[in-house]
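> Respectively, the protein sequence lines represent chains A and B. The opening residue of the first sequence carries number 1 in my numbering; numbering runs sequentially from there. The opening residue of the second sequence carries number 1001 in my numbering; numbering runs sequentially from there.
I should point out that these hints are in silico values taken from the structure, not numbers from a laboratory. Keep in mind that a hint or two might mislead.
[Unchecked claim] Examples of chain A residues toward chain B, derived with CB under 10 Å:
| id | residue |
| --- | --- |
| 1 | Tyr25 |
| 2 | Tyr26 |
| 3 | Lys56 |
| 4 | Arg72 |
| 5 | Lys81 |
| 6 | Phe82 |
| 7 | Phe123 |
| 8 | Ile128 |
| 9 | Lys132 |
| 10 | Glu138 |
| 11 | Asp141 |
| 12 | Val156 |
| 13 | Arg159 |
[What the hints assert, rightly or not] Chain B stretches covered by chain A per the calculated footprint, using a threshold of three residues with CB under 8 Å from any CB of chain A:
| id | stretch |
| --- | --- |
| 14 | 1048 to 1057 |
| 15 | 1189 to 1197 |
Glycine included, every Cβ here is placed at the ideal spot set by N, Cα and C.
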Amino acid sequence: MGVCEEKIYKEIYYKYSEYLRNFLYYKSGNMAVAEDISHDAYMKLWENCGKVEIEKAKSFLFTIANNLFLNRANKSKVVLKFEKSVRQQSDTSDPHYLMQKDEFKRRLELAIANLPENQRVVFLMNRIDKKKYREIAEELDISVKAVEKRMHLALVELRKLHKGV
Amino acid sequence: MAYDENIYARIISGTLSKEEEAALRKSGEWDEIQEILEASSELQLRAYDKDKGYERLRFSQTPGQKKSKVRRMYYWAGSVAAVVLLALAYVFLMQGDEDLRRAAYGETAQFALADATKVVLNDGSILDFSSFEAGGQRLVELTGEGYFKVTSGDRFVVQTVNGSIEVLGTQFNVRAWGEDIIVECYEGLVALNRGSVREEVAAGESVRCTPKGQIRRTNVTMSRPLWMDGLSRFSDAPLAVVVEEFERQYDIDVEMGVIDRPYSGAFEHDDMENALKKICDPMGLSFRIVDENTIVIEGE
């Protein structure tokens, strides 16, 4: 019966769980919290599987996850961390340039972590999850215009990295 | 330069007019933004194991049933016979490469790290030891509150969002809810780091450090934190913090107006009405139990 069929529930899990975890990580900066809440959201989906239509599952998950996040007793400061990227072997640019590039990346990561939550979440959903504005708007339950605005403000802020080395 | 709104966002969606794009290129903004976009699209998060995640979900109840009131209770199946088998499977599945532990609401969690350091987490707290190496860098990340009995060896660091603690074989308690960090040391010596502040805390001492770096020292006569004996104790804590702790311990919501006065006292974890009295009476407040999920505190 729709989501209550394990095959379908499992598909919903494999399709959205990573994005849900990422979304919560962008908000909280804490991987344990992100995994925890993501798990709880899927549990809630299971409990309510008879009441949620398959097409509404994603929206349900993101809404529940957001609510669970808001309800948490403690809101800690955000300390986002990204995986160290592997330098391409083919990159034969001079070492000085590469070092500058690494340095810029490091400062960029810090600046992203310091963005206001609204802007940071939209920015990373677009950059890391590769989501289009329409999809982000749907998942966050805001207008596309609002998504664009947050993205624009994030870039205005991040552009400051170029002033002053 | 005044542009049509959200112009930077429209670089990504490719909805700029020719004039807008030309203007951005001319001013150099185009290149700057492209550099940011390129660098940021190479960012990656920690890999996600969907199979493992799904396995954890499968140990759950039959569809459509209301979960029992205990939040975050772990994965026990319905029938008794199945429980033992599943428990074993769960232990094998989880123990392997699980790199964090959390204490459910209303419970504590006790375990040992790979170097035999003993940890007890207060309820709602989480310890992430994915960066921990027994013979090398001993680093853990704590959300909430935990008691540590650290085996001697190389530097051991407990990181929290409000500061970090550095030790060499000792016993101490770290409390990092809210914005302050509070360390109580029962044996040995620890150093508390927050921003430019570094404070040593010896056995028998307790130090609280605020976000601004203000330090408050008191003495401590117990050999372990009171919460390990089922009590939460506060001294001059904002009432909101006390109530949050109560909500965590009893897994219940409390509605309360803004009451700014500080609270000093303690409440137990196994008798909710008594606990409420211990909180409300000294403050001249009263409480009302609305239903099994809500309490209202009122007064001045």
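> Could you run down the list of hints and mark each one as holding or not?
Hint-by-hint comparison with the structure:
1. Restraint check, tyrosine 25 of chain A versus chain B: the minimum CB separation of about 6 Å is within 10 Å; hint holds.
2. Taking 10 Å as the C-beta cut-off, the interface hint given for tyrosine 26 of chain A holds, the closest approach to chain B being about 9 Å.
3. For lysine 56 of chain A, the interface hint is violated, since its Cβ never comes within 10 Å of a Cβ in chain B; the closest pair sits about 16 Å apart.
4. Interface hint at arginine 72 of chain A: satisfied, since its Cβ lies 9 Å from the closest Cβ of chain B, which is below the 10 Å cut-off.
5. Hint status for lysine 81 of chain A: holds, given a least beta-carbon distance of 8 Å to chain B, under 10 Å.
6. Proximity of phenylalanine 82 of chain A to chain B holds as hinted, the smallest CB-CB distance being about 5 Å (cut-off 10 Å).
7. For phenylalanine 123 of chain A, the interface hint holds, since its Cβ comes within 10 Å of a Cβ in chain B; the closest pair sits about 7 Å apart.
8. Evaluation of the isoleucine 128 of chain A hint against chain B yields a held restraint, the C-beta minimum of about 5 Å falling below 10 Å.
9. For lysine 132 of chain A, the interface hint holds, the least distance from its beta-carbon to any beta-carbon of chain B being 7 Å, beneath 10 Å.
10. Proximity of glutamate 138 of chain A to chain B is violated relative to the hint, the smallest CB-CB distance being about 15 Å (cut-off 10 Å).
11. The closest approach between the C-beta of aspartate 141 of chain A and any C-beta of chain B is roughly 19 Å, which is over the 10 Å cut-off, so the hint fails.
12. The restraint placing valine 156 of chain A at the interface with chain B holds, with a minimum CB-CB distance near 7 Å, inside the 10 Å limit.
13. Because the smallest distance between the Cβ of arginine 159 of chain A and any Cβ of chain B comes to about 6 Å, under 10 Å, the interface hint for this residue holds.
14. Under a criterion of three residues with beta carbons nearer than 8 Å to beta carbons of chain A, the stated coverage of the stretch 1048 to 1057 of chain B is upheld, 6 such residues being counted.
15. For the stretch 1189 to 1197 of chain B, the proposed coverage by chain A is not satisfied: 0 residues have a C-beta within less than 8 Å of a C-beta in that chain, short of the threshold of three.
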